[in-house]
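Keeping their order, the protein sequence lines are chains A and B. The first sequence begins at 1 in our numbering and counts up one residue at a time. The second sequence begins at 1001 in our numbering and counts up one residue at a time.
If you're looking for bench data, these hints aren't it; they were derived computationally from the structure. Even glycine gets a Cβ: it sits at the ideal position worked out from N, Cα and C. Incorrect hints may appear among the rest.
Said to hold, decoys possible - Derived coverage of chain A by chain B (criterion: at least 3 residues anywhere in the stretch with Cβ under 8 Å from a Cβ of chain B; other residues may be distant):
hint, stretch
1, 27–40
2, 74–81
3, 97–109
4, 191–198
To be verified - Pulled from the structure, derived: some chain B residues nowhere near chain A, Cβ distances all over 10 Å:
hint, residue
5, R1035
6, E1046
7, N1132
8, F1177
9, V1258
10, T1478
11, W1557
The chain contents come next:
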Amino acid sequence: MITYENIDVVFDDFHALPDFNLTIGEGEFFTLLGPSGCGKSTALRTLAGFIDPTAGEVYVDGARVTNLPSQRRQIGMVFQNYALFPTMTVRENIGFGLKVSGVSKAETTRRVDEIASAVELDSVQLGKGVTELSGGQQQRVAIARALVLRPKILLLDEPLSNLDAKLRHQLRGQLKELQEQFGITTVYVTHDQDEALTMSTRIAVMNKGRIEQVGTPQEVYMHSATEFVCNFIGDANRLATGTVAALSALPRGVRGTAALNPASASYLRVERVGLHAPGGKADDGGARLTLPGTVRARQYHGVYSSYRVELDVRDGGTVKGIIQETRHRGFAPGDRVDVSIDPADVLQYPGADAQGAAQVPALTQLAPLPSGASQ
Amino acid sequence: MNISVHKMLRSPLFLVVAAVLLWFSAAFLVWPNLRLLGEVFMPNGEPTFRAFERLGSSRRAMDSLRNSFLLAIVLSVTVNLVGVFIVLVTRYFAIKGARVLYLGYATTLIYGGIVQVAGYKIIYGEHGFVTNLLAGAFPDMDRTWFTGMAAVVFVMTVAGTGNHLLFMTNALARVDFQTVEAAKMMGASTWRVLLTIVLPTIRPMLYAITILTFLGGLGALAAPQVLGGTSFQTITPMILTFANSPSSRDLAATLALVLGVSTMVLLAILNRMEKGGTYFAVSKVPTAMKKQKIANRWANAAVHAAAYLLLAVYLVPPLLIVLFSFTSASAISTGTLAWESFTLKNYALVFSDYEAFWPFLVSLGYGAFASITVVAGMLFVARLLQKYRNRVTAFIEFVLHIPWVLPSTLIALGLIIAYDHASWIMGNVVLTGTVALLGITYVILKIPFTLRMLKAAFTGVPDQLEEAAAILGAGPLTTFRLVLLPVVAPTAAAIAALNFNSLLDDYDTAVFVAHPLYQPLGIVIKNATGEDTLNDATALTFVYTVLLMLITATTMWLVYGRPSAGRRRKPKAAEPAGTAVEPVTTRN
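Using the sequences plus the hints, can you model the full thing?
See the structure below:
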């Protein structure tokens, strides 16, 4: 178990991590997610012992490690550029930690072979120089080198960011499998929300050195705690005031939550937007609001198409929705469509109107309920 | 990353290196120069400007000052003209036989300094081979035609263009060729493209080379001393003359001071210009340079003719030297080169006669000692300075650059003055006149170049490598030995080789501090030029020169020329080829 307790990290005049608190459980695949410069790498490097925090403590398994040198923290790390030693062979790279700690030659050979087969490196590759390997193979060497010392914690600092898209997808799965196989507590740093959602047990979304939300992938996606998280993860519509006003007239979903506040910043995930031909499929459950509109643009993505629909309702703005490319023939720009929205899907962030506010005309704040809303 | 002074002081490795470094800097870099200042301004413990008055009243001294600046200015023009020309004909214009031309011009890279000056003197001098031939045809000619300012400028121009070959070639290769293509597409002629696109782009490099040339002219020793005659003596030969007599040592120190201040001012200007912004296009997709055809037929013919004429000028002396190294002195002086006069006797003599081999041995010894010592020491220092960046290390770095800012003459003179008597800072050991002093001086002079290059090499090593080693359990020393050292080793070896090269034929420093019984090659070669006639000592000089050229050529090839065999295997290792990028690093 890892605990950050009131950690402060200050570089010169830059406060990288102000009062950082976080607990990571045993065996978790924990991801620090955020845009570049949000402090996620700083948090990781503080745990690794490369950064001395200005204040606060770090605990591993209840023991204080704040001032312990890196090599005594029982941590393995895979670096962004792998940091393989260019003058050594693959075998020497993996065995470096064992050699330094005085493990016998025979034992070193045995353990290197063992870990190499676990990450699928063969004996020919073990004899090569590290620069003769492909990016994916280099990454496996880096992982083997980190795991061969049997660390308690594995740190991964954007280890997939240097690979091409296809390999990245493939290695994502392998990395996760390895982690489950070894059952090792893993802290993963990335700016890629896709990686975070697919691999993590839990995610901490970070912004400007602060944790915005900690939760399972489903929690941070479905119930984004802050407007930042909502914008950073997934694709969401910021609803215009006219649309919010129309929605707020309806009771909010079957769970009977409070009605929507028209003054709050309101978001709707694109896959939660229903798009139908006018007068087509009726709303399921009766709680949905249907608004007529006109298709303005279509983007074809292969698996699905996304549509930008301008709503007829006054100050309704536009919403983006997607339709899977199955047998649906799709809509063309200029087509009339019905847009249906379940008020329960709307995410609201009161008072947080700093972001995206510019898109909404100010004078529509108190727009009256449009007459056509009930159609 | 900034690491605080406090944290730095916790590293035991740092404390040891720092202690040695502080003593070394104080004893060898700071104190001798302070003593030299003392010699000028306070010869008897009282502040005085008498040395300047004495200098002002010495006509020879004032003439030498004037001549030095004159030489520097003239060289700045001639070296640039010839240097830019040879780079353009070998690298920019489509000239037939460009490769041969390049190899011919590059001979200036493998022999320079006293070796080159001596070679020219023995060929063109009063009793030289060419002069003998000419005198046979024109009995009334002035046999001393190759003396004075013209001769000095001629020799130093050929030598100075080596900088263009190394650095301007490099800069030219980095010009984004798409800018040339764009200009041509808009209708610019070959000349216009050259004058408005290419040369302005490499202007910072040309400025840098010009300043180096200027400094070279200002501090010139061998060329004016050997070829200048009585009419054209410059500052450094004058310093040498004055330094040899105790009564005029203050004059020597004063002249050295003038030279030092001029050098510092010029280097300050150079530094400012270096910071003046990037001229190189930082293009994402640079296109390789394609050689330009000269469209005008007559211009093309003229450029070809000039290029090959220059080739002859560059090639004749080294070729004759090689030739003469296989002949007897009498054959050269009588100008009768028959097939029978060729012999291997000279080489046999150098390698069999201990006395003939001795200067070579001395040079090899000093060169090896100094180049290895300085690289070994600076490996630790460079790492320290690169890792811990704060005010203390910045100051140390500044002090270590003193030998770069000051002319070697001044450094040598400072050491002689400071340690000709027992001094507590040196543990009461007198250094002046000992065998050790030349070795120490060589180490001092090589510090700035070595430090800059090694620091750059360490900077090229990603921090993550060290962190990876640390997290795998390696301590700082183990990390240094097993991870960092192997990565920078190729660069370190290249630096050591370049240092060794430049020390092998040194004359300018040795003439001040060498022990009379341990005289390196440079001095022996210089002494041979003093002889009135060609004798067997001259023949030995040729052999020394050929051997030096061989060693230098091999080193240059290993460092710059090799088709990067080592690099293919280890592309992440710091590249020694980076040494060709910075012109300022070749000083001393």
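Okay, the hints, checked on the actual structure:
Requiring three or more residues with a Cβ within less than 8 Å of a Cβ of chain B, the coverage given for the stretch 27–40 of chain A is violated, as only 0 such residues are present. For the stretch 74–81 of chain A, the proposed coverage by chain B is satisfied: 6 residues have a C-beta within less than 8 Å of a C-beta in that chain, meeting the threshold of three. As drawn, the stretch 97–109 of chain A meets chain B at 3 residues by the rule of a beta-carbon pair under 8 Å; at three or more, the given contact holds. Proximity of the stretch 191–198 of chain A to chain B, defined as three or more residues with a beta carbon under 8 Å from a beta carbon of that chain, is not established by the 0 residues found.
Every C-beta of chain A lies more than 10 Å from that of R1035 of chain B, the closest at about 41 Å, which supports listing it as non-interface. For E1046 of chain B, the shortest C-beta to C-beta distance to chain A comes to about 49 Å, beyond the 10 Å cut-off, and the non-interface label holds. Listed as a non-interface residue, N1132 of chain B keeps its Cβ farther than 10 Å from every Cβ of chain A; the least gap is roughly 57 Å. The beta carbon of F1177 of chain B is kept farther than 10 Å from every beta carbon of chain A, the shortest such distance being approximately 29 Å.
Once the 10 Å rule is applied to beta carbons, V1258 of chain B is consistent with being away from chain A; the minimum gap is 43 Å. A Cβ of chain A approaches the Cβ of T1478 of chain B within 10 Å, the least distance being about 6 Å, so the stated non-interface status is violated. For W1557 of chain B, the condition that its CB be more than 10 Å from all CB atoms of chain A holds, with the nearest at approximately 24 Å.
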